[in-house]
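These protein sequence lines map, in sequence, to chains A and B. Quick note: the first sequence uses this note's numbering, first residue 1, plus one each step. Quick note: the second sequence uses this note's numbering, first residue 1, plus one each step.
Derived by calculation from the structure, the hints in this document are not laboratory data. All C-beta atoms in this analysis are idealised placements derived from N, C-alpha and C, irrespective of residue type, glycine included. Keep in mind that the hints are not guaranteed to be accurate.
[As the list claims (entries may be wrong)] So the derived list for chain A, only partly shown, Cβ under 10 Å to chain B, looks like this: (1) D117; (2) N237; (3) P264; (4) M285; (5) G288; (6) L428; (7) E488; (8) A491.
[Claimed, not checked] Not everything, but these chain A residues come out facing chain B in the computed CB check (under 10 Å): (9) Y66; (10) L272; (11) E369; (12) R454.
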Amino acid sequence: MSKNSNSAGEDRDVVGKAYDSMLVRRLWGYVGDQKAKLFLAVFLLLLGSAAELAGPWLSKVAIDKYIASGDTTGLIRIVIVFVVVAALAGALRWSQVYLTGEAGQIIMYRMRRDVFDKLQRLSVPYFDRNPVGRLMTRITSDVQALYELFGSGMVAIFGDVFMLLGITVVMFAINWKLALLTLTVIPVLLLVTFAFRKVVRDLYRRTRSQISALNGYLQENLTGMRIVQLFGREEHNFARFQEQNIALKNTYLKTIFFYALFFPGVELISALAVGIIIWGGGTMMIAGVVTVGTLVAFLQYVERFYRPVRDLAEKYNILQAAMAASERVFQVLDERVEVADSGSPSAAPAGVYPFIEFRGVWFAYKDEEWILQDLSFVVQEGESIAVVGATGAGKTTIISLLQRFYDVQRGEILIRGRNITDYPLTELRAMLGIVLQDVFIFAGTVADNIRYGRPDASETEVEDSSRVVCADRFIERLPEKYQEPMMERGATLSTGQRQLLAFARALLRKPDLLILDEATASIDTETEQLIQQAIRRVLEGRTSIIIAHRLSTIQRCDRILVMHHGRLREQGTHEELLTLGGIYHRLYRLQFGQVAEAAAS
Amino acid sequence: MKSLLHLLPYLKKYKTHITWGCVAAVFTTGISALAPWILKLAVDDLRETVTAGKLAMYGGLFVGTALVGGVFRYYMRMLLIGMSRKVEQDLRDRVFSHLQAQPVMYYTRHRTGDLMARMTNDLDSVRNVLGPGFMYPIDTGLTAIFSLVLMLMLSVKLTLLTLLITPLVSWSVFKLGKVTHRLTTDIQEQYSRLSEQAQENLSGARVVRAFSQEQQEIEKFDELNQEYVSRNLSMTRVQALFFPLMGFLFEVGAALILLVGGFGIIRGEMTLGDFVAFVGYLGMLAWPMIAIGWVANLLQRGAASMKRIQEMLDTEPEIQSAALPKSPSARTGRVEFRGVRFMYSPTSPSLGVLDFTIEAGQTVAFVGATGSGKTTLINLIPRLLDPTEGQVLIDGVPTTEWDLAELRRCVAMVPQDAFMFSETVYNNLVFGNPAASRDQAMASARVSRIDKDVETFSAGYETMVGERGVTLSGGQKGRLALARALVRDPLILILDDALSAVDTHTEEEILSGLRSFMKHRTSILISHRVSTVREADRIFVLREGAIVEEGTHSELLENNGIYADMERRQRLEAELEMTE
Ligand SMILES: Nc1ncnc2c1ncn2[C@@H]1O[C@H](COP(=O)(O)OP(=O)(O)OP(=O)(O)O)[C@@H](O)[C@H]1O
Ligand SMILES: Nc1ncnc2c1ncn2[C@@H]1O[C@H](COP(=O)(O)OP(=O)(O)OP(=O)(O)O)[C@@H](O)[C@H]1O
Ligand SMILES: [Mg+2]
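Construct the complete structure from the given sequences, taking the supplied hints into account.
Here it is as structure tokens:
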């Protein structure tokens, strides 16, 4: 059984039906403790319908019994009963709608939460592949599409099915022959529904993926609007947007077309059933097989019978949309976590080990396009290491691997003698304080941003670490200082200021290992030098890895690793590398030759 | 509710659709009203004499009516619901192109998640108004009129009595509607917040992981999610009231009829048969009554959402092309700042007053501490920002009098953060000039030294770049951004710290290539490195928004000010290294 459902996940497009039942089962699983509420709602729905049906009956009694006999007190009494029953019916319906709505909201809440939770557990490669706009669609509109199902559809479907069953039973009880005759159109109905389902389901799938693509494009354009405008791409991008927008509309129109055929189709089939009864039943009556009363009752029941059928057809819409949406939601939930905590973290090995060790590491983002090749190096506790190399040499990649954003293909990375895959992710990352090349500032206050890695840090700590990186200078000048609200991605700060914030944020964590990836690239020389002096004090005895293109930034490092095309080509102290006369020597000459020249001129 | 009037212009385009759709709706309703009548005739006949021929006729009539009704129903759905999708598309296009006209400052004030929410969720509820918004009133209106006429024919008094509940109905629709409107606004606002939070979290996925903040992020989201649910539940509570309340009010009306009609019969003012028929027709009014509640609810939600969409559309772009654009007599690339002052907000520090001229073909550089206003200054040239005071002139024409697209065509900028689109490397390269020849693109790639890197990618120029360029290294992104600017073949080239992520060796190569490229163009460089700017014709030093030094490299060194200090620091670093 479980094996079955596993394979269903793989080729969901092929095994439509099997997957459908699996989806339904899974959705049902989501209902969880809300089941009781939904059952209660179904019960209330039936009760409510009964109360509603009581109205006509009461007026019949009033007419037959009291009005006809001129009994005014009886009439007043029954009118009061009538109003009370109506109030009861209203109350029942209200509680039923509320219950289902509540259950629906709670189920949605859980689903949204689960998708978000899952997205927090998914690792960086997943985000490399999936644009934010598309993922957003999963959390928002896909989940929303399911609300209709739980919030109203499901209970109504139950109600309709009950009604159908009830009427069928009654019809068979009255006259099974006539009942069979009435139901002759059912196969046609099933056939139509089945064909319809196939078409519409594909359309719904297409709709959902088109919405997601459209939103992805929209979101990318909104975030990159500055570039769009600078490069005069408004018209071009508008045309692309419109193209997708029209494609989506056309899919909708196609869906509308099938529904416009389907609904009248169902009506026609039900009319056919009535026609058959009038004609067939009438013939039976002439033959004396059935009575007039039976026939009239049947006609009324058939009307009642096809109303839920029509309703069900309406609900079909909701159901299909929900199926297509849930498929996509479950796809996220089922996504394999590429970089996961190992189940059983091993204990720290005894003995003395270097802080970090790369052992024959091979890594490629894609297939066999090796970015790092056979990389081995060691960083001792308390050492400060610089990594240099041309752009694209793989320096940032080393840092990403150290944080386990990606897992290596071959070889291993050890921290204090233990493979990093044996550390719980949070523990591993807690050791590292990183200033990434791409700074990300969150909406919130300046203080919130600095505190990001350590929400419990005190105000003085926040201010201290800002002071170390000279961020205090500009923060103090903001109208609300540390409480100044930040816009999305720190849009109201200069690039250098953003870098300083990120720097303060990393320092505040008091990490065992500080990693700076081009952390001062956009900062002026004076500030940079001040930061360096300050950091040297703060980092006293701490391990650090610094990536920088400006060799001046790394002058005081204990050891320099020179990367070239994914390989470690040279390593040693500054002097050793200079005497070696290799890549480093050349880089150095290029950079400082110039300055020396300038000094001479 | 008024906000829904903003939809009128969009509906105009589909006048014929709507007209015919409404006609179809009238027929659909009319014909479905026929069915019970046929049934009644059949039943009446059954009680008396019946022949096989008559039976076949009734049966056929019934099916025939359904068939004709079905045709109309088909057109009604196609026309009216189809129209709602078409209007949705128009509206979405409209909002998108409006957003495209909004200046950069708009996007610092509004969060992407919020804008996205308005363009998705709110648009959805507006669209929901359109199809059913036409179909239901027609359906229910006709049924109501039909039954009211029949009722009037039977008893004017009782009919008027029935209408007694109308004020009660309107009053409750009005009251509930107001609440719905408010609650919907609350809900949509919360949805925006939810969407902002998710959007930010996903964009910052790496940082969240680097700082192990997944749990905190989950909690933050959960809080918003819970609030969203609780607001929705308040709405459900009200919404759940609509149907039953209308149903109940109707039953009260029915009870009233029963009472008054009953007394009427007892007093002999009315026949029993008429009364029974009257009660029967009254039953036909039940559905329209309930539908009123439903439609009111739908309209209120749509109105609240439309207001949020209209808010976007009502924000006039602060920066717009001149109504009567002027063209300079000659395009040379001369840039002049005349008495320019700029402030982001009244409380923020100001830039300026700036007065300077960059002659055509010159290369100038701006240096200055972090936050001194360099980026702000250059953003004034392509009108990403407009000066608070004074003018920026290009070739003698103030930028505000240029045609905006034309102005931006003259300027190419390499911004500090190299935003890339998730397309192929090649498409990013020709982003600003899709008409560029392949040779031109390759030449630009060569000058910016990105060509060698691209060659190492397995798919070359057809390699897909991840969102924002995540699959490129920092230096690769910077150089691709440079190449992207060069492909535009601009009159004025602006590099905002564009080479900071590039190693010195590559930088030197790029600069020497650029020198010949920039020969006949005005170029503006921003950098923190002396090595990048020392060859410029003129160097401006910015401090706290003002130009404090100006001159060539050697002039500034003589001047012995900020620039000289910066140069000394960088030289000392080098010498320190050399002697170590
Ligand atoms: N997420 C990714 N997916 C696929 N390829 C990637 C990804 N990130 C980086 N690369 C590729 O890996 C190579 C090395 O990139 P990396 O960022 O490690 O370089 P780097 O040495 O840090 O360069 P720079 O000095 O420019 O920052 C580059 O060719 C880059 O295109
Ligand atoms: N959208 C904005 N709203 C309010 N203030 C802003 C906005 N953008 C920038 N600022 C502020 O204006 C000042 C100048 O910023 P700008 O980006 O021009 O500096 P910069 O000289 O380019 O610095 P860097 O060298 O770090 O790039 C900074 O103090 C910054 O905080
Ligand atoms: Mg800047």
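Evaluated hints:
Taking 10 Å as the C-beta contact cut-off toward chain B, the hint placing D117 (chain A) at the interface holds, the least distance being around 6 Å. Taking 10 Å as the C-beta cut-off, the interface hint given for N237 (chain A) holds, the closest approach to chain B being about 7 Å. Here the hint on P264 (chain A) is kept, as its CB sits about 3 Å from the closest CB of chain B, short of 10 Å. With its C-beta approaching chain B no nearer than about 7 Å, M285 (chain A) sits inside the 10 Å limit, and its interface hint holds.
Given the 10 Å rule on beta carbons, the hint for G288 (chain A) is violated: about 12 Å separates it from the nearest Cβ of chain B. For the restraint placing L428 (chain A) at the interface with chain B, the shortest Cβ-Cβ distance is roughly 9 Å, inside the 10 Å limit, so the hint holds. Residue-level restraint check for E488 (chain A) holds (minimum Cβ-Cβ distance to chain B is 5 Å; threshold 10 Å). Because the beta carbon of A491 (chain A) sits about 4 Å from the nearest beta carbon in chain B, less than 10 Å, this interface hint is met.
The interface hint given for Y66 (chain A) holds, since its Cβ lies 7 Å from the closest Cβ of chain B, which is under the 10 Å cut-off. Using the Cβ-Cβ criterion of 10 Å, the hint placing L272 (chain A) at the interface with chain B is satisfied: the shortest such distance is roughly 6 Å. Interface restraint check: E369 (chain A) against chain B, minimum CB-CB distance 6 Å, threshold 10 Å, status holds. Contact between R454 (chain A) and chain B, as hinted, is supported at the beta carbon level, the nearest pair being about 8 Å apart and thus within 10 Å.
Violated hint: 5 only; the structure is consistent with all others.
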